[in-house]
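Assemble the complex: chain E is given as a structure, and chain Z must be docked to it using the hints.
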Amino acid sequence: MLESEFMRLAFASGAIVGMLAPAVGFFLVQRRESLIGDGIGHVAFAGVALGYLLDVSPVATALVAAVAGGVTIEVLRSRRLAASDQALALVFYTGIAAGVVLISLAGALNVDLFSFLFGSILTTTRTDLAVVAALGLTGLAVVAVLYRALAAVVIDEEASRVAGVPIAALNVAIAVLAAVTVAVSMRIVGILLIAALMVMPVIAATRVAWSMRSTMLIAIGLGLASVLVGLSIAYYGDLPPGGTIVLTAAGGFVLASAVGAVRG
Amino acid sequence: MPLAVELRDVAFGYARGRPVLEGVTLAVERGEFVAIAGPNGGGKTTLMRIVLGLERPGAGEALLLGEPAHAFSRRVELGYLAQRSQLVIDAPTTVREVVAAGRVARRGLLGRAGRDDRAAVAEAIARVGLAAQADVPLRRLSGGQQQRAFIAKALAGEPSLLVLDEPTTGVDVEAQEALAALLEELHRALDVTILYVSHEFGAVERFVDRLVLVRGGIVFDGPPGQLPGMWHDPSHAHA
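As you go down the protein sequences, you meet chains E and Z in turn. Oh and the first sequence: position 28 is 31 in this note's numbering, straight run, nothing missing. Oh and the second sequence: position 26 is 28 in this note's numbering, straight run, nothing missing.
One chain only, chain E, in its complex shape:
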């Protein structure tokens, strides 16, 4: 399997996304914002469409659109202009509607577009890998550096605010991290499934973990394992990689729940 360069590239880029998605998703799940990745994903879809319309890199325009969408959700929520679920719905539906209109204008309803929607990890190029590595490893480094502050906010946001922790900046940081994760993961599992990789390993980890830190580390391990195992199954079973990876993550949840139930 690893004799083919396209599989080596797929495993390398998948491994980075497999670690980044749950590392960022961990904080979204704790804040009861599990579906925010979905909302940002749909804005990223509009970004991809804009890229086709302007004839520039769809990944670049998706990244810009995703960051704008993530920050918009955070601004609407934090300034109480809309409740969290309403902010998500506004951005979610505006994103998908803009995407449909822009795709129509660009005349780009083609196979390449579907590779963004459903993932196309097997077509990863060396340039794609370089982009995923640069953005993904930067995202992981930011999570590592800000971990204590982000953890303090999800544990007790009000007391952190009183003590002078810059809550607004940290919330924007999480929104931007989520957007970057969506943008770099589009080619791996697809826009429609990226939120699953941000959330499912985290939910599974809570079933077996014994502390906050262990939850984060187990979630990262499960995300990585889901990508590597899912990709291998897809290769040997001739299955679509994106869906197989997410189904493997779902299997990880079932397994973790069983282990958690046995341990009591």
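Please note that a few of the clues may not be correct.
Partial list, derived from the structure: chain E residues whose beta carbon lies under 8 Å from chain Z [what the hints assert, rightly or not]:
| no. | residue |
| --- | --- |
| 1 | 33 |
| 2 | 85 |
| 3 | 115 |
| 4 | 145 |
| 5 | 148 |
| 6 | 151 |
| 7 | 152 |
| 8 | 162 |
| 9 | 213 |
| 10 | 215 |
| 11 | 216 |
| 12 | 220 |
To spell it out: a stretch of chain Z is covered by chain E in this simulated footprint if at least three of its residues, at any positions, have a beta carbon under 8 Å from a beta carbon of chain E; those stretches are [what the hints assert, rightly or not]:
| no. | segment |
| --- | --- |
| 13 | 78 to 84 |
| 14 | 96 to 107 |
| 15 | 153 to 160 |
Just so you know, these hints were derived from the structure itself, not from any lab. Note that beta-carbon positions come from the ideal geometry of N, C-alpha and C, so glycine has one too.
Coordinates of chain Z only, in the frame set by chain E:
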């Protein structure tokens, strides 16, 4: 040396609503243990939020350790126990992790936890009597123990002013008594200024230096012993 808290003729009201507070003047010395009580809707939580700089008064002036409260520059000196402090996250979080969150403001966003941080966390956990449960997930502890963990979190930041908002909500009378005794012990040992904000004050009546009753304004401010009988909290027989 400036007062811990000073309110000068403070008024506050929400847009298109009747005033919540009017003509509030209050001075809290450093090291005092003060209970701020009153009925629900009487304005005590608003008063507390003004003190913490989370709301700006519509009129008057609010000072915190000598600085305008809304622009207070030394927020690391504030310890705060929010109402119904409990974990709302799914990840199993240990007492030590919860308490360590109280050190973040002092260490800064990018700072790594050092030996002194770990020592401060361990000391705070020991002070509230949870040393044996330090590495136990919080959700496995009783409501009273969880409350103690959050008090330890506030203490870990080594505050000079500790503000507790309705700390006895959802806690049984026995745990309320234990909490009050713990606060008295911390007050004596750490010389920290404590504002205890609650609609119930019976548990701490024996321990506080002053009792401030709020109902749209301050209707009583003095030692608990001088409180007219009709205002005593009937939920605690010893009062």
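So, against the hints stated earlier in the document, which numbers end up violated here? When the structure is compared with the hints, numbers 2, 3, 4, 12 turn out to be violated.
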